[in-house]
Amino acid sequence: QQQVKQSPQSLIVQKGGISIINCAYENTAFDYFPWYQQFPGKGPALLIAIRPDVSEKKEGRFTISFNKSAKQFSLHIMDSQPGDSATYFCAASMRLSGYALNFGKGTSLLVTP
Amino acid sequence: GAVVSQHPSWVICKSGTSVKIECRSLDFQATTMFWYRQFPKQSLMLMATSNEGSKATYEQGVEKDKFLINHASLTLSTLTVTSAHPEDSSFYICSAGGPVSGELFFGEGSRLTVL
Numbered sequence: 001q002q003q004v005k006q007s008p009q010s011l012i013v014q015k016g017g018i019s020i021i022n023c024a025y026e027n028t029a030f031d032y033f034p035w036y037q038q039f040p041g042k043g044p045a046l047l048i049a050i051r052p053d054v055s056e057k058k059e060g061r062f063t064i065s066f067n068k069s070a071k072q073f074s075l076h077i078m079d080s081q082p083g084d085s086a087t088y089f090c091a092a093s094m095r096l097s098g099y100a101l102n103f104g105k106g107t108s109l110l111v112t113p
Numbered sequence: 114g115a116v117v118s119q120h121p122s123w124v125i126c127k128s129g130t131s132v133k134i135e136c137r138s139l140d141f142q143a144t145t146m147f148w149y150r151q152f153p154k155q156s157l158m159l160m161a162t163s164n165e166g167s168k169a170t171y172e173q174g175v176e177k178d179k180f181l182i183n184h185a186s187l188t189l190s191t192l193t194v195t196s197a198h199p200e201d202s203s204f205y206i207c208s209a210g211g212p213v214s215g216e217l218f219f220g221e222g223s224r225l226t227v228l
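Chains as they are written, first to last, in the working numbering: chain A, 1 to 113; chain W, 114 to 228.
Treat the hints loosely; a few may be bogus.
Unchecked claim - BS3-like mimics (lysine-lysine), calculated; alpha carbons at most 25 Å apart, straight line:
hint: 1; chain 1: A; residue 1: 42; chain 2: A; residue 2: 15
hint: 2; chain 1: A; residue 1: 57; chain 2: A; residue 2: 71
hint: 3; chain 1: A; residue 1: 5; chain 2: W; residue 2: 154
hint: 4; chain 1: W; residue 1: 154; chain 2: A; residue 2: 42
hint: 5; chain 1: A; residue 1: 105; chain 2: A; residue 2: 71
hint: 6; chain 1: A; residue 1: 42; chain 2: W; residue 2: 127
hint: 7; chain 1: A; residue 1: 105; chain 2: W; residue 2: 154
hint: 8; chain 1: A; residue 1: 57; chain 2: A; residue 2: 5
hint: 9; chain 1: W; residue 1: 133; chain 2: A; residue 2: 42
hint: 10; chain 1: W; residue 1: 154; chain 2: A; residue 2: 15
hint: 11; chain 1: A; residue 1: 105; chain 2: A; residue 2: 42
hint: 12; chain 1: A; residue 1: 105; chain 2: A; residue 2: 68
As the list claims (entries may be wrong) - Away from chain W, derived, C-beta distances all over 10 Å, residues of chain A:
hint: 13; residue: 14
hint: 14; residue: 17
hint: 15; residue: 61
hint: 16; residue: 67
Hint data in this document are derived by calculation from the structure and do not stem from the laboratory. Since the model is a prediction, treat every value here as computed from it, not as a measurement. From the three backbone atoms N, C-alpha and C, an ideal C-beta is built for every residue, glycine too.
With these hints in hand, go ahead and build the complete structure from the sequences.
Shown next as C-alpha cells:
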C-alpha cells in the first residue's frame, strides 16, 4: 500500500519556469517530510525537508509548501534549469518507526533549454 | 550532508552464488541503517532496518534468509544476497541517519546483475 501518493508521474518545464510536484499522505503520525533528487544510476540526494509545525520552507530555488489539514505537501523549483532534470521523490517518515522513509512513486522532471 | 559509502557500486554474479554489499557511514555513527531496493524507473522500497548489535527488522515479503543483514559496528552494515537468482537483479541502496533527527542520507547504490 502506497502511503505517500505523488503526482505528476512526469513533468516537462521550460528553462526558467517553475516546476511543481505534489504529494499527499494519510498517516497523521508522519512527522518528517523530505524531498530527494535522484540522477540515473545514483543514490537519492536529500534536497530539502520539512516538519509539520511549519507551512513553508525555502532553500535557494527549492521550496516546500506544507498543508497539514489537507495532508499534502509540494515541492516548487523556481527558475528551473536543465541540470535540474532528474527524478524527484517525496517521502514521509515518523519517529515511531525510526524514521524509515516511505517514498512516493517519483516524478521524472525534464527541463528543456 | 553526511556521507554514506557503498561498495561495490556494481557487481555481476552467476546464479546460485552469494554477493555481499557494504554500507559505511564515513563521518558519523549510525545505530540504524536502512536497506532499499529499486527496480528500473520505480520507487525505492524498504527492505529492512538494520540495527547495530541486534537483528535486522525485515519488511513484509522480504525473505530474511535470502537477504542477510549484519550491522556489526556503528559505521558498517552489510547486505548479503544469498543464492542469488536473476530476479534478484536490482539496484540496492542503503541509507543512514545523520545528526538531525529524521534526516537520512543515501549511499550511491549497488547495481546487482545475476546471470
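Here's how the hints hold up against the structure:
1. A/42 to A/15: holds, 24 Å
2. A/57 to A/71: holds, 16 Å
3. A/5 to W/154: holds, 16 Å
4. W/154 to A/42: holds, 13 Å
5. A/105 to A/71: holds, 17 Å
6. A/42 to W/127: At roughly 24 Å apart (the allowed maximum being 25 Å), residue 127 of chain W and residue 42 of chain A satisfy the hint.
7. A/105 to W/154: holds, 9 Å
8. A/57 to A/5: Since the Cα atoms of residue 57 of chain A and residue 5 of chain A sit roughly 20 Å apart, the hinted pair holds (cutoff 25 Å).
9. W/133 to A/42: holds, 19 Å
10. W/154 to A/15: holds, 24 Å
11. A/105 to A/42: Between residue 105 of chain A and residue 42 of chain A the Cα gap is close to 17 Å, so the pair holds against 25 Å.
12. A/105 to A/68: holds, 21 Å
13. 14: holds, 24 Å
14. 17: holds, 24 Å
15. 61: holds, 18 Å
16. 67: Consistent with the label, residue 67 of chain A stays out of reach of chain W, its closest Cβ about 19 Å off (over 10 Å).
The structure is consistent with each of the numbered hints, conforming to all of them.
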